[in-house]
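Generate the whole structure from the sequences, applying the supplied hints.
Just so you know, the sequences run in chain order A and B.
Quick note on numbering: our numbering labels position 330 of the first sequence as 330, and the sequence is numbered without any gaps.
Quick note on numbering: our numbering labels position 49 of the second sequence as 1049, and the sequence is numbered without any gaps.
It should be emphasised that the hints constitute simulated quantities derived from the structure, not laboratory data.
On a predicted model such as this, the values are computed, not experimentally measured, just so you know.
One or more hints might be untrue.
[As the list claims (entries may be wrong)] Each computed SDA-like pair below joins lysine to any residue, with the alpha-carbon atoms no more than 25 Å apart: (1) A:Lys285 with A:Val302; (2) B:Lys1029 with A:Pro536; (3) B:Lys1042 with A:Thr165; (4) B:Lys1049 with A:Val532.
[Claimed, not checked] Rough simulated footprint, nothing fancy, chain B against chain A, three-plus residues with beta-carbon under 8 Å: (5) 386-399; (6) 522-529; (7) 543-556.
Cβ atoms here follow ideal geometry from the backbone N, Cα and C, with glycine treated the same way.
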Amino acid sequence: MALFRKKSACHKPLADGSCSARKVLLVGNPNVGKSVLFNALTGAYVTVSNYPGTSVEVARGTATVSDERFEIIDTPGMYSLLPITEEERVARKILLDDSPDLVIHVIDARNLERMLAMTIQLLEAGLPVILVVNIIDEAERLGISINIPLLAAQLGIPVVGAAVTKKRGLAEIRRAIADFRRSDHRVPEYSRRLENDIAEIAGLLRNRSALSPKAVALLLLQRDQEIIDLVSKQEGEGFAAVEGKIREKIYARRESFHLDLSLERRKIAEKLLEGVLRAPDKRRKTFGERLSQWTVRPLTGVPLLLIVLYYGLYQFVGVFGAGTLVDLLEGTLFEEQFNPWISQIVNELLPWPVIQELFVGEFGVITLGLRYAIGIILPVVFTFFLFFSILEDSGYFPRLALLVDRLFKKIGLTGRAVIPMVLGFGCDTMATMVTRTLETVRERIIATLLLSLAIPCSAQLGVIMALLSQTPVALLVWFFCLLLIFLVVGVLAARVIPGETPMFYMELPPMRLPQLSNILTKTFSRMQWYFVEILPLFILASVLLWIGKMTYLFEKMSDWAAPLMAGIGLPREAAVAFIFGFFRRDYGAAGLYDLQTKGLLFARQITVAAVTLTLFIPCIAQFLVIKKERGTAVAVAIGLFVSALAFGSGYLLNKILLATGIL
Amino acid sequence: MHCDFCGYEFDEEEGVQGCGNCPMSAGCKAVKCPRCNYEIPKEPLWMTKLKKWRRR
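Structural data, given as structure tokens:
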């Protein structure tokens, strides 16, 4: 197997007698400056391609150092030799399959102690390592001083201090690459007990691999399935003994092995840094750092989330955007001023009633399509995207991911799924596409289902806020219904769909005061995109509805849907909103808004209609993307399930509200 | 560009590559973070020009 191919001693000779380029791998955590170093070493001539069988991109280029040619490979970010994400799996595969002549481990000088854990792993794997302590300028600015020569002596490998974005240390890195000669380096030692466990397993391994027996033994003890499969293949019958020994050791340590190993590595890193690292005395935490801690702790994070939702979504988007602004634009500007004026002009210019109906009739392109797009949706998406951009620019979303990680694990997802969920509040179609970044197929299906079901898009959310905010109890009922259905369906889906929930961790970028220019830029860009996308669709929908009206098809569809509407306690006219919802979710919600302003719906009916419409089948664009991403069978299954659940929930909610008399 | 979700810094071209498979990428004003796939709106051209003009 390629992963366990024996490493070549040196570079391969070519036909002309010369040697092929020596291979240099850049490895390290994400965001430590690997790509900047790669670009600095290679210049413009690079190839970027997907790693075979994956969507992970790997960049390769060449560099000439001291008249010698080197092949430089920029690996995806990895935190450890034990992979969790696809990127890490690819990085490890390259590390092992490509038989590197040199591995440059790039670390962040500001987080030296934490990042040295991977250096320790690379050294114990027997790989030829140069350590680049990058971003040293920022570390110095924070008052951190690092004794590079002492660190090199402690590790027994070349160490270079650098700030590659500022070209500092680049010459030293080039020199270290040119001068590097493979030699035995010191391998950090764990506690006696752990070393004995490792030695017992390593002693049973008969075949040599690209990794040292010590590293293989450690990965086996961490139940790395890829390594278990490969060692099993390699050792053949001898694997039974290895497997028995692993089981024995894992049983003796129960669940604590990962923690024990992390603590031991931390101790080694602390020891290596004795005399190397001088950090300033404990400094006072800034308000941003304290706020950051509050947002991720459940005890303070949940109340903070509720405050954000109340003031941001309810007060700002719901009351101000969908209430005050919509009243002004839709009520005053369109209904009182613009629509009567334009209707008069069109009726004078076009004497044919059928054509008049197309432009200024009940479903007219101007009186309905334009009014919905500008009078209702525009103020709603403006306030929503403004609120969204403020949260985004403050760095709140990654903290939200950590906060909900535990809850999401119960529904088969991880905090990583916050990305599509949050984007779903902007546009569910785009968010469905982003589910492809989730690690497992199981997660992708669950997230797609929940997005189709219980995540309203921005405009739909805003209009529903406008409908329900006049009756706060109705808004609470709607919110808790959706939350309950989101959780129940998520838990059931996690049980029905087989598979394990992966681990999730991420580095938190700093929390900061949102910048006005950033907020305005992002809000403007999103609104521009949204508006360019929805305006033609709204006009098209108006034309289709006009055709429906002229051919009486629409009337018939409303008649067919009447029993369904009656089942959930709604008048026949409400079918129009659900037919609108097929085109776009927000169009459907705007239809409900119209019915309410005409006085056709009262509190209980609005609540039931809002819950049913939010859960109702995804819009055409989202459905097509589900089909593309998950296949026709999954798309049809989700469509049918969501529709049945929407009307089933509407029916039940109507009965409950009637029985309890809450609304 | 700077990812608003994970903080990763990347070139706009690197981000645009992630949009290749998206059926709605035509006319879309967002780029995907190569690390976490979060969508970040591109700065409008007029804003870039305005910033340049202010710097001068």
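- Query: Quick check: the segment 386-399 of chain A, covered by chain B? Criterion 3+ residues, Cβ under 8 Å.
  - Reply: n = 5 at 8 Å, threshold three: holds.
- Has the given pair, B:Lys1029 with A:Pro536, been kept, meaning a C-alpha gap of at most 25 Å? Distance of about 17 Å is within 25 Å: holds.
- Taken at face value, is the distance from the CA of A:Thr165 to the CA of B:Lys1042 at most 25 Å? OK: B:Lys1042 and A:Thr165 at ~23 Å, within 25 Å.
- For the pair supplied as a hint, B:Lys1049 and A:Val532, is the alpha-carbon distance within the 25 Å limit? holds (22 Å)
- Message: Hinted pair, alpha-carbon criterion (25 Å max): A:Lys285, A:Val302. Please report holds or violated.
- Response: Measuring from Cα to Cα gives roughly 22 Å; hence the hint holds.
- Three-residue Cβ test at 8 Å for the coverage of the segment 522-529 of chain A by chain B: holds (count 6)
- With a Cβ-Cβ cutoff of 8 Å, does the segment 543-556 of chain A contain at least three residues near chain B? Check failed, 0 qualifying residues.
The earlier numbered hint that this structure contradicts is number 7, and it is the only one.
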